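Peer 1: With UniProt numbering, letter number 158 in the sequence shown gets 158, and the count goes up by one each step, no holes.
Just to be clear, a hint being listed does not mean it is correct.
[Claimed, not checked] Calculated lysine to aspartate or glutamate pairs in the EDC-like style (CA-CA distance at most 16 Å, straight line): (1) Lys549 <-> Glu509; (2) Lys417 <-> Asp338; (3) Lys549 <-> Asp506; (4) Lys549 <-> Asp572; (5) Lys544 <-> Asp518; (6) Lys549 <-> Asp527; (7) Lys558 <-> Asp506; (8) Lys549 <-> Glu529; (9) Lys558 <-> Glu509; (10) Lys417 <-> Glu440; (11) Lys549 <-> Asp525; (12) Lys417 <-> Asp441; (13) Lys417 <-> Asp374; (14) Lys417 <-> Asp496; (15) Lys417 <-> Glu361; (16) Lys544 <-> Glu509; (17) Lys558 <-> Glu529.
[What the hints assert, rightly or not] Cβ-Cβ distance ranges computed for the label pairs, FRET-style: (18) Gln408 <-> Asp338: 29 to 39 Å; (19) Ser312 <-> Glu455: 40 to 50 Å; (20) Ile373 <-> Ser312: 32 to 42 Å; (21) Val219 <-> Thr538: 27 to 37 Å; (22) Gln155 <-> Arg120: 16 to 26 Å; (23) Asn433 <-> Phe326: 41 to 51 Å; (24) Ser97 <-> Phe167: 43 to 53 Å; (25) Thr195 <-> Glu449: 26 to 36 Å.
Simulated from the structure, these hints should not be mistaken for laboratory data.
In this text the structure is predicted, and so the values were computed from the model without any measurement.
Just so you know, even glycine gets a beta-carbon here, dropped at the ideal spot from N, CA and C.
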Amino acid sequence: MLYLALGTAACDTLKSEPKPGQPPPIGEEEPPPELRVTVRTEGPEFCREGQWTLSVTVEGGTPERVELLTNEQAPMTLEAPYRHVIDCATHAEGRVSFLARAVGEEQNFEAEEASVVVDRTAPTIVSRRPLLSHPSVSAPLAFVFSEPLLPGSIQASPTQLRDQDGFSVAHQAVLSEDGTVLELVPSSPLRPPVTLHAELLQRTLTDRAGNLLEPNLTVYTRTHSATYWPFSRVTEHEGPLNTYYPVSLALGGVFPRTMPVVGFANLYSPESDEPSVARWDGHTWQQLPPLRAATERTRPAQNLQVAAHGESIVATWLERDEETGFDHIHVVRYVGTDWERVGMPHAVESDSTQVKMTLGEFGRPVLAVERLIDFLETELRVIRWTGTEWLALGDALGENPERFSSSQHAAIVADSKVVVSWVERSVSGDTLNLHVRVFEDGSWSPVGEPLPITEGTLVERVELALRDYDRVVIAWSERHTNANVSTLRLTSAALDSWRAEWAPIDQVEVLSRVSTHDSLRLVVDRDNEPWLAWSEHTPASDTKSYYRKRRATGWEPKQIISGETLSGFLLDGNAFPWALSGGAVVRPQ
Numbered sequence: 001m002l003y004l005a006l007g008t009a010a011c012d013t014l015k016s017e018p019k020p021g022q023p024p025p026i027g028e029e030e031p032p033p034e035l036r037v038t039v040r041t042e043g044p045e046f047c048r049e050g051q052w053t054l055s056v057t058v059e060g061g062t063p064e065r066v067e068l069l070t071n072e073q074a075p076m077t078l079e080a081p082y083r084h085v086i087d088c089a090t091h092a093e094g095r096v097s098f099l100a101r102a103v104g105e106e107q108n109f110e111a112e113e114a115s116v117v118v119d120r121t122a123p124t125i126v127s128r129r130p131l132l133s134h135p136s137v138s139a140p141l142a143f144v145f146s147e148p149l150l151p152g153s154i155q156a157s158p159t160q161l162r163d164q165d166g167f168s169v170a171h172q173a174v175l176s177e178d179g180t181v182l183e184l185v186p187s188s189p190l191r192p193p194v195t196l197h198a199e200l201l202q203r204t205l206t207d208r209a210g211n212l213l214e215p216n217l218t219v220y221t222r223t224h225s226a227t228y229w230p231f232s233r234v235t236e237h238e239g240p241l242n243t244y245y246p247v248s249l250a251l252g253g254v255f256p257r258t259m260p261v262v263g264f265a266n267l268y269s270p271e272s273d274e275p276s277v278a279r280w281d282g283h284t285w286q287q288l289p290p291l292r293a294a295t296e297r298t299r300p301a302q303n304l305q306v307a308a309h310g311e312s313i314v315a316t317w318l319e320r321d322e323e324t325g326f327d328h329i330h331v332v333r334y335v336g337t338d339w340e341r342v343g344m345p346h347a348v349e350s351d352s353t354q355v356k357m358t359l360g361e362f363g364r365p366v367l368a369v370e371r372l373i374d375f376l377e378t379e380l381r382v383i384r385w386t387g388t389e390w391l392a393l394g395d396a397l398g399e400n401p402e403r404f405s406s407s408q409h410a411a412i413v414a415d416s417k418v419v420v421s422w423v424e425r426s427v428s429g430d431t432l433n434l435h436v437r438v439f440e441d442g443s444w445s446p447v448g449e450p451l452p453i454t455e456g457t458l459v460e461r462v463e464l465a466l467r468d469y470d471r472v473v474i475a476w477s478e479r480h481t482n483a484n485v486s487t488l489r490l491t492s493a494a495l496d497s498w499r500a501e502w503a504p505i506d507q508v509e510v511l512s513r514v515s516t517h518d519s520l521r522l523v524v525d526r527d528n529e530p531w532l533a534w535s536e537h538t539p540a541s542d543t544k545s546y547y548r549k550r551r552a553t554g555w556e557p558k559q560i561i562s563g564e565t566l567s568g569f570l571l572d573g574n575a576f577p578w579a580l581s582g583g584a585v586v587r588p589q
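Given the sequences, and given the hints that come with them, work out the whole structure.
Peer 2: What follows is the structure in structure tokens.
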């Protein structure tokens, strides 16, 4: 039986009372007596069957009538002995609130509100957690129910938790979020990488009204798994919609540059949906304004890239002219409230264009443009924004004058200087070489001798980075097509052309039966130490992403990032890594 505290409320202002023993002033009547209204309930707070009764008691006088308001609707009049009964087996489900009041000659006196929840619906599992990849170790596996559970219905071991080897993991089943979430909290801290499998064993759980758990739950609904990686998701879902996928990552903001900026594309419908850019402010994703005005969205925007320099954000993409069939390069800069164009769109006389963007001095964009000019023939050009116009840096880059030669796999990096690299077949056609050039004082100069590519291999990706003291670092991935072996290599050289000489080439990784595809990433930290990151894809469709750091004493062992493909890897000003992995911005946890 539930008793509610006495409550008295007056709808009109009460008149002052005379002092005890003092008669009322001549000509004034005695004020009407104050009534005390009490409600008492019989029955459970959450009711699925039987009767629930509300009784009203009035003290201090006789009211004109007693009214009961149900769910703030029009009042009904109660007759003595002022009782109201609900049949929980037939009454409409949901919360029902009651307000009893006694109506006097000049005043209304109200009791405290009473309520009951009528519930005959079985609770069920509506979702499971974590929902997204790369969960934090602080996010336990959990089952989310349609309504709060009754804590007393939970037995000693309602759940089972096992690791990837099938061994039991000690844990506690904990109700949270007002009883709607049952979490499986491990007794010891998790040490990634680890995969956990959860199962709800107890089928006799009830809600607060005593309704048993839905009996027809499938095994899929009653089980859940999650893999915890050394890198965890920085935020919840980054994209504006579930169909959007992050394709480019930058780090901006004031030092130490810990503001992720992500470019999104709709991979499911790239021709009909506008790509977008968002940045993380430390609490939530800020969706930036559309890259293009509504009137400019007549052509698909392809190959979106973003870069950041302090608070400045730059984005570039390609559009195809339907009449000529040629590509146009668009570049915009975010100026705090909207995007502004960086010059007019740059026309490329090609229907197959690859663009690599970097930011140079003053955060101005520099583009390496690789275009198909004829059958199996490509050329590489570099253009730089001067602040007022796009300026071509010299002529097309290439060492082989023969027709059907190709300058491919371009990489670019810049500060006050611009350094570019590409892969090209020798004049004899026997070998592939990796060429590096630096642009300063109005012309291109070679950096050391061409770097030979191992015979019988294909280059999958080339990366460039700058170190202090005018030194460039280059890394590339080779794949031997017959042996199915991938090799990661790295070297460096001074940018003073008169004495440039490549350091001995590091064979960083030799990976048997593994392909790295386009995943290789190279960064240099504040101590001028290079880091390599990449993904390994096996014939069994197993994917793992790793990174390695090279110190003065040599390469540290490789560290795992996650079990999904790497598409971005950066260091902030604190030399702390950030990555774009499997559609999520992740960092070490």
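Peer 1: A separate judgement is required for each hint: does it hold in the structure or not?
Peer 2: Cross-check of the supplied hints:
1. As the CA atoms of Lys549 and Glu509 are separated by approximately 12 Å, the hinted pair is consistent with the 16 Å bound.
2. Restraint check for Lys417 and Asp338: not satisfied, since their Cα atoms lie roughly 30 Å apart, outside the 16 Å limit.
3. With a C-alpha separation of about 12 Å, the suggested pairing of Lys549 with Asp506 holds against the 16 Å cut-off.
4. A hinted pair counts as satisfied when its Cα atoms are at most 16 Å apart, and Lys549 with Asp572 qualifies at roughly 15 Å.
5. A C-alpha spacing of about 14 Å is found between Lys544 and Asp518, which places the hinted pair at or below 16 Å, so the restraint holds.
6. For the hint pairing Lys549 with Asp527, the CA-to-CA distance comes to about 11 Å; that is within 16 Å, so the pair holds.
7. Restraint check: the Cα-Cα separation between Lys558 and Asp506 comes to about 15 Å, which is no more than 16 Å; the hinted pair holds.
8. Our distance criterion of 16 Å between C-alpha atoms is met by Lys549 and Glu529, whose separation comes to about 7 Å.
9. Among the hinted pairs, Lys558 with Glu509 is consistent with the structure: their alpha-carbon atoms are about 9 Å apart, no more than 16 Å.
10. A threshold of 16 Å between alpha carbons decides the hint, and for Lys417 with Glu440 the separation of about 6 Å falls inside it, so the pair holds.
11. Taking the CA atoms of Lys549 and Asp525, the gap is near 10 Å; set against the 16 Å cutoff, the hint holds.
12. Under the criterion of a C-alpha separation no larger than 16 Å, the hint pairing Lys417 with Asp441 is consistent with the structure, at around 9 Å.
13. Pair hint Lys417 plus Asp374 does not hold up; C-alpha atoms about 31 Å apart against a cutoff of 16 Å.
14. The suggested pairing of Lys417 with Asp496 holds, with an alpha-carbon distance near 11 Å, which does not exceed 16 Å.
15. A distance of roughly 8 Å separates the Cα atoms of Lys417 and Glu361; the hinted pair therefore holds under the 16 Å criterion.
16. Of the pairs offered as hints, the one joining Lys544 and Glu509 holds, with about 14 Å between alpha carbons and a cut-off of 16 Å not exceeded.
17. For the hint linking Lys558 to Glu529, the alpha-carbon distance of about 15 Å falls within 16 Å, and the restraint holds.
18. At about 36 Å, the CB distance of Gln408 to Asp338 agrees with the hint of 29 to 39 Å.
19. Between Ser312 and Glu455 the C-beta distance comes to about 44 Å, which sits within the given range of 40 to 50 Å.
20. Against the hinted window of 32 to 42 Å, the Cβ-Cβ separation of Ile373 and Ser312 comes to about 33 Å, which satisfies the hint.
21. About 29 Å separates the C-beta atoms of Val219 and Thr538, a value consistent with the hinted range of 27 to 37 Å.
22. Distance hint check: the CB atoms of Gln155 and Arg120 are about 23 Å apart, consistent with the given range 16 to 26 Å.
23. Checked against the hint of 41 to 51 Å, the C-beta distance between Asn433 and Phe326 comes to roughly 30 Å, which is inconsistent with it.
24. Separated by about 51 Å at the C-beta atoms, Ser97 and Phe167 satisfy the suggested range of 43 to 53 Å.
25. With their beta carbons about 48 Å apart, Thr195 and Glu449 fall outside the hinted range of 26 to 36 Å.
Violated hints, listed in ascending order, are 2, 13, 23 and 25; each of the other numbered hints is respected by the structure.
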